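Visitor: These are the residues of each chain, in order.
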Amino acid sequence: MGKLAGKKLLLLGERDGVPSPAMEACLKDSGGEIAFSATECFV
Amino acid sequence: MDLQNQQRIKDAAEKFGAENCVVILGSSDPEGAEIYAETVTNGDPTFAGPLAGVSLGLPVYHGGPSEGSDLHI
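As they're listed, the protein sequences go chains X and Z. If you count the first sequence from 1, you need to add 5 to reach the numbering used here. Residue 57 in the numbering used here is what sits at position 72 of the second sequence, and the numbering runs on without skipping anything.
Because the hints were derived from the structure by calculation, they are not lab data. Note that the structure is predicted; figures quoted are calculated from it, not measured. We put the CB at the ideal spot given by N, CA and C, even for glycine. There are no misleading hints in this set.
Listed next, the stretches of chain X that the computed footprint assigns to chain Z, with coverage defined by at least 3 CB atoms under 8 angstroms from CB atoms of chain Z: (1) 10 to 20; (2) 23 to 31; (3) 34 to 46.
Bound conformation, chain X alone (with noise of 0.2 angstroms):
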């Protein structure tokens, strides 16, 4: 938690590994603000 705290969070979520809302989740309450969010898809 300590190490996430005050940075800005840039997620790359991946559909068949942890997709980003869920990331996003998790993270909340982090301390880290998160800046950026996506899932890809390589199908």
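Chain X is fixed; fit chain Z onto it per the hints.
Guide: Frame of chain X; chain Z shown alone:
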């Protein structure tokens, strides 16, 4: 990495400063995560996108499922 996302990462790093940004990956396979990480640290290895030749040097973490169901970074 998607070319549009490369541009967005580049814009965010320029706007906020690379030292203030952290990239978190949700890739399902290590090879994909490695390419993502290389792209946002050393530049696009395929020299096809906006990050070609651009070394942002952003810190990268991989967030994947741990043994439980929580996201583990």
